[in-house]
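Colleague: These protein sequences, in sequence, are chains A and B.
Oh and the first sequence: position 52 is 52 in the UniProt record's numbering, straight run, nothing missing.
Oh and the second sequence: position 49 is 49 in the UniProt record's numbering, straight run, nothing missing.
Derived from the structure by calculation, the hints contain no laboratory data.
Treat the hints with care, as some may be off.
[Said to hold, decoys possible] A few chain B residues that face chain A, going by a derived Cβ cut-off under 10 Å, partial list only:
(1) Ala31
(2) Glu116
(3) Leu144
(4) Thr153
(5) Leu180
(6) Gln188
(7) Pro189
(8) Gln195
(9) Phe196
[What the hints assert, rightly or not] DSS-like mimics (lysine-lysine), calculated; alpha carbons at most 25 Å apart, straight line:
(10) A/Lys170 - B/Lys160
(11) B/Lys43 - B/Lys92
(12) A/Lys125 - A/Lys77
(13) A/Lys160 - B/Lys170
(14) A/Lys170 - B/Lys170
(15) A/Lys160 - A/Lys92
(16) B/Lys92 - B/Lys160
(17) B/Lys128 - B/Lys77
(18) B/Lys125 - B/Lys17
Each residue gets a CB set at the ideal place from its N, CA and C atoms; glycine is no exception.
Protein chains: 2
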Amino acid sequence: MTTNIPGYTYGSAEVAKSPLSMDDFANIKHAALFGDEDVRYLKMSRDILKDQVEQILDVWYGFVGSTPFLLHYFTNKSDNQPNTDYLGAVRKRFGQWILDTANANYDQDWLNYQYEIGLRHHSIKKNKTDNVDAVPIINLRYILALQVPITTTLRPFLEKDGHSSEDVDKMQDAWRKSVLMQVILWSQPYIHEGQF
Amino acid sequence: MTTNIPGYTYGSAEVAKSPLSMDDFANIKHAALFGDEDVRYLKMSRDILKDQVEQILDVWYGFVGSTPFLLHYFTNKSDNQPNTDYLGAVRKRFGQWILDTANANYDQDWLNYQYEIGLRHHSIKKNKTDNVDAVPIINLRYILALQVPITTTLRPFLEKDGHSSEDVDKMQDAWRKSVLMQVILWSQPYIHEGQF
Numbered sequence: 001m002t003t004n005i006p007g008y009t010y011g012s013a014e015v016a017k018s019p020l021s022m023d024d025f026a027n028i029k030h031a032a033l034f035g036d037e038d039v040r041y042l043k044m045s046r047d048i049l050k051d052q053v054e055q056i057l058d059v060w061y062g063f064v065g066s067t068p069f070l071l072h073y074f075t076n077k078s079d080n081q082p083n084t085d086y087l088g089a090v091r092k093r094f095g096q097w098i099l100d101t102a103n104a105n106y107d108q109d110w111l112n113y114q115y116e117i118g119l120r121h122h123s124i125k126k127n128k129t130d131n132v133d134a135v136p137i138i139n140l141r142y143i144l145a146l147q148v149p150i151t152t153t154l155r156p157f158l159e160k161d162g163h164s165s166e167d168v169d170k171m172q173d174a175w176r177k178s179v180l181m182q183v184i185l186w187s188q189p190y191i192h193e194g195q196f
Numbered sequence: 001m002t003t004n005i006p007g008y009t010y011g012s013a014e015v016a017k018s019p020l021s022m023d024d025f026a027n028i029k030h031a032a033l034f035g036d037e038d039v040r041y042l043k044m045s046r047d048i049l050k051d052q053v054e055q056i057l058d059v060w061y062g063f064v065g066s067t068p069f070l071l072h073y074f075t076n077k078s079d080n081q082p083n084t085d086y087l088g089a090v091r092k093r094f095g096q097w098i099l100d101t102a103n104a105n106y107d108q109d110w111l112n113y114q115y116e117i118g119l120r121h122h123s124i125k126k127n128k129t130d131n132v133d134a135v136p137i138i139n140l141r142y143i144l145a146l147q148v149p150i151t152t153t154l155r156p157f158l159e160k161d162g163h164s165s166e167d168v169d170k171m172q173d174a175w176r177k178s179v180l181m182q183v184i185l186w187s188q189p190y191i192h193e194g195q196f
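Just chain A, with the same shape it has in the complex (with noise of 0.2 Å):
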């Protein structure tokens, strides 16, 4: 990987390795039906979706933006303000991690960084990254119910290059499983010790 973008660690020797192992992860994949065909999509929408990646990121920061018990996680602790400067240094590595997810390249490093973002997102690591002083975490009930606006609003962007309409039915399928298989990794440091 070689971006520069602030705070994005995804393969380096800073993420520690995923509590779960490659053999559990294979559980899940199965589990969530989730197979080589939807690797295939998921390749597929990557094409289409890497161009249009700010205007997918407008589409999901105008939902958060307009709903204040969402954009709350993003206020400052001392004034309850929107923190602008966390609100932007977070979109630069969402829209990395929207070309990530179509990469679907589920190999050891993939799942280390699916445990640094849970970590992230609860309060054992959430604003140290971006070096703010925000509410001290996301409420895990918040990132499990955003799958669907995640993969609802793509819908009209896997339309924008003309393919069949069940190529587009079968890339959202593949983005649905994937996105689910990814919120439960990060729900992990959310969870009592041998119960996830």
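With chain A fixed as given, assemble chain B onto it according to the hints.
Modeller: For chain B alone, kept in the frame of chain A given last:
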């Protein structure tokens, strides 16, 4: 509710009040883009699914039964063999859950019962309803992952009544959102205090 399903306590005084308020649940609905249209399409699905419950359960039980790391949760602690009484007792409530999900009646009784279902997957109450000696908890990662087979395999059943593919899409979307909201609520006992 008038059923004779053992352990089905929806709406009864035995069910504790959900620790989540109706206002908090309204935020989850908002974050998951769940609205009145979804309620309408869930109710539409009820008429289609109500006579296919056993066939749907056959598909779901077929998947779990053929997946050792999932069937594991229905095995006896003592001999590691599947407990058929337990599987059968859960199946009756699972059938009723299909109808309850399609009823889409999101009131306080419904919210309370979601918490009860979560407790029954968690070590706090697992095995107690059916008085069995199975493994003590269902790991949350699989509860979350199983949303995919549950909502994917539903499609051919939703298609049986000759509705337009647009209606089927919308019924399936509404099911995805409802099941997601339910597994979010079920996850609460697994999560560290204040992080849900």
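Colleague: Indicate, hint by hint, whether the structure satisfies it.
Modeller: Going through the hints against the structure:
A least Cβ separation of about 4 Å between B/Ala31 and chain A falls short of the 10 Å threshold, and the interface hint therefore holds. Given the 10 Å rule on beta carbons, the hint for B/Glu116 is violated: about 18 Å separates it from the nearest Cβ of chain A. Taking 10 Å as the C-beta cut-off, the interface hint given for B/Leu144 holds, the closest approach to chain A being about 5 Å. Among the interface hints, the one on B/Thr153 holds; its C-beta lies about 9 Å from the nearest C-beta in chain A, closer than the 10 Å criterion.
For B/Leu180, the interface hint holds, since its Cβ comes within 10 Å of a Cβ in chain A; the closest pair sits about 7 Å apart. The interface hint given for B/Gln188 holds, since its Cβ lies 8 Å from the closest Cβ of chain A, which is under the 10 Å cut-off. At a threshold of 10 Å, the smallest CB-CB gap from B/Pro189 to chain A is about 9 Å, leaving the interface hint in force. With a cut of 10 Å, the hint placing B/Gln195 at the interface with chain A holds, because the nearest CB-to-CB distance is about 5 Å.
The interface hint given for B/Phe196 is met, as the beta carbon of that residue sits about 6 Å from the closest beta carbon of chain A, less than 10 Å. For a cut-off of 25 Å, the pair hint linking A/Lys170 to B/Lys160 stands: about 22 Å separates their Cα positions. Restraint check: the Cα-Cα separation between B/Lys43 and B/Lys92 comes to about 21 Å, which is no more than 25 Å; the hinted pair holds. A threshold of 25 Å between alpha carbons decides the hint, and for A/Lys125 with A/Lys77 the separation of about 16 Å falls inside it, so the pair holds.
Between A/Lys160 and B/Lys170 the alpha-carbon distance is near 22 Å, which keeps this suggested pair within the 25 Å criterion. Distance restraint check for A/Lys170 and B/Lys170: the Cα-Cα separation of roughly 16 Å lies within the 25 Å cut-off, and the hinted pair is therefore satisfied. Distance check on the hinted pair: A/Lys160 and A/Lys92 sit about 23 Å apart at the alpha-carbon level, within 25 Å; holds. Using a Cα cut-off of 25 Å, the hinted pair B/Lys92 and B/Lys160 holds, with the two alpha carbons roughly 23 Å apart.
Proximity of B/Lys128 to B/Lys77 is assessed by CA-CA distance (about 14 Å); at most 25 Å being required, the pair is judged to hold. Among the hinted pairs, B/Lys125 with B/Lys17 is consistent with the structure: their alpha-carbon atoms are about 15 Å apart, no more than 25 Å.
In summary, the structure is inconsistent with hint 2 from the numbered list given earlier, while agreeing with all the others.
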